[in-house]
Amino acid sequence: MSIATMSNISPEVINTSGAFTTAFLVIAITLSLLLVESKYWNKYVSDTLDMYSYSALVVFIEIVIFNITLVI
Amino acid sequence: MKKYIYLSILGIVIGELMMLSGDVYYGLGIHIINLMTIILYITSRDRDMSQETKNALSGLTLILLFRVINLATPKIFVTTLLWYPLIYGVLFLSIYLIIKDQQIPIKELGITSNRLIVYLPIAIIIGIIIAIVEYQISHPKSLIENITVPNVILISIVMIIFIGTAEELMFRSILQTRFEKVFGLKYGLLLTAGIFAVVNTNYGIVGIIFAGIFGIILGYIFQKTRSIPFTITVRGIENIILFGILPIILPVTII
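Note that the protein sequences, when read in sequence, are chains A and B.
If you read the first sequence in this note's numbering, its first letter stands for residue 1, the second for the next number, and so on.
If you read the second sequence in this note's numbering, its first letter stands for residue 73, the second for the next number, and so on.
In case anyone wonders, no lab produced these hints; they're calculated from the structure.
Just so it is clear, CB atoms sit at the ideal spot from N, CA and C, and this is done for glycine as well.
Each hint should be verified, as a subset may be incorrect.
From chain B, some residues computed to sit far from chain A (all C-beta separations above 10 Å) [claimed, not checked]:
no., residue
1, Lys-75
2, Ile-197
3, Glu-310
Some chain B residues near chain A, calculated using beta-carbon distances under 8 Å [said to hold, decoys possible]:
no., residue
4, Asp-120
5, Ser-122
6, Thr-145
7, Val-205
8, Gln-208
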């Protein structure tokens with residue numbers, strides 16, 4: 001209980017969540033591209049989207065490494 | 073603007089409760105929608121929103137992002153114990169970016185060595201007591217096979233450096249301090265403890281109540297000491313004993 005991580009999750013859930021995260025990464029990058037030239041763009045939006053994108057990108061790299069190890 | 077923070081918290085609570093009840097996909101969907109809504113909201117209402125409100129919302133997105141990272145991180149290693157650093161390593165990156173972007177001072181984060189000689193023994197005792205109480209409620213399985221020096225060192229590194237530090241920075245140093253600026257000391261503490269309760273439990277209502285009380289204790293300790301090493305030690309020691317020592321030396325359900 002004292003660990004916030006949910007650890008009893010099935011591989012199917014992890015796979016689907018990985019797909020969600022990849023889609024989320026694409027959305028975050030697309031939002032950045034759409035907003036960067038608009039009047040809504042500011043440091044706060046930039047920082048927030050950076051935070052999401054970097055985290056999702058690292059998870060995406062972990063997923064790629066995992067799939068490579070599965071193939072090997 | 074506070075109304076929107078309450079709505080976001082409600083979204084987190086609903087998402088977490090759905091996951092707790094087994095509807096992981098719905099819970100994840102709610103979290104991602106909540107996350108995207110917060111981005112769009114702060115984008116569209118940027119000018120009429122105070123810096124404190126934006127920082128509080130940013131703190132909340134850290135919780136949502138954590139859960140997404142948790143569910144999406146592949147189990148590259150066979151043991152659960154080695155899976156945690158992959159999750160919390162990414163979380164450290166998000167925490168670092170929030171601290172850098174919001175320019176949160178070290179003192180506000182509670183990173184201090186003041187009175188550590190006094191605080192550490194107290195933190196260890198509190199951690200042991202909470203672990204014993206919680207073990208009687210939850211009876212978790214051990215994350216190590218046996219009590220050997222390498223295993224104890226490994227679980228200590230994971231529980232203190234990764235889980236304890238990352239979660240305490242997330243809940244106490246960032247979320248609680250952001251909420252205190254918007255809602256005041258009392259409500260800041262209670263709201264953080266409430267979120268801590270729903271995020272930190274993996275079984276029923278008893279678990280939520282216990283985690284809520286634990287969250288209030290940790291939050292109160294942090295308010296009084298403003299020392300994050302204190303709460304990290306409580307969490308670390310508690311988890312080492314709860315997930316490493318007690319299930320091996322007392323495998324039966326009753327102590």
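Query raised in the report: Regarding the hint that Asp-120(B) lies at the interface with chain A, is the smallest CB-CB distance below 8 Å?
Result: At about 13 Å, which exceeds the 8 Å cut-off, the nearest Cβ of chain A leaves the hint on Asp-120(B) violated.
**Report entry** Ser-122(B) as an interface hint toward chain A, with CB separation required under 8 Å
**Finding:** violated (12 Å)
Query raised in the report: Non-interface claim for Ile-197(B): all C-beta distances to chain A beyond 10 Å?
Result: Nearest chain A Cβ is 16 Å from Ile-197(B), so the label holds.
Query raised in the report: Are all C-beta atoms of chain A more than 10 Å from that of Lys-75(B)?
Result: holds (20 Å)
**Report entry** Status of Glu-310(B), Cβ more than 10 Å from any chain A Cβ
**Finding:** The claim is violated: Glu-310(B) sits with its nearest Cβ about 5 Å from chain A, within 10 Å.
Report task. Return the status of the interface hint for Gln-208(B): holds when the least beta-carbon distance to chain A is below 8 Å, violated otherwise. Result -> violated (12 Å)
**Report entry** Proposed interface contact between Thr-145(B) and chain A, which counts if any beta carbon pair is under 8 Å
**Finding:** holds (6 Å)
Requested in this report: Mind checking the CB of Val-205(B) against every CB in chain A and telling me if the closest is under 8 Å?
Outcome: It is violated, given that the least Cβ distance between Val-205(B) and chain A is near 11 Å, above 8 Å.
Checked against the numbered hints given earlier, the structure breaks hints 3, 4, 5, 7, 8 and satisfies all the rest.
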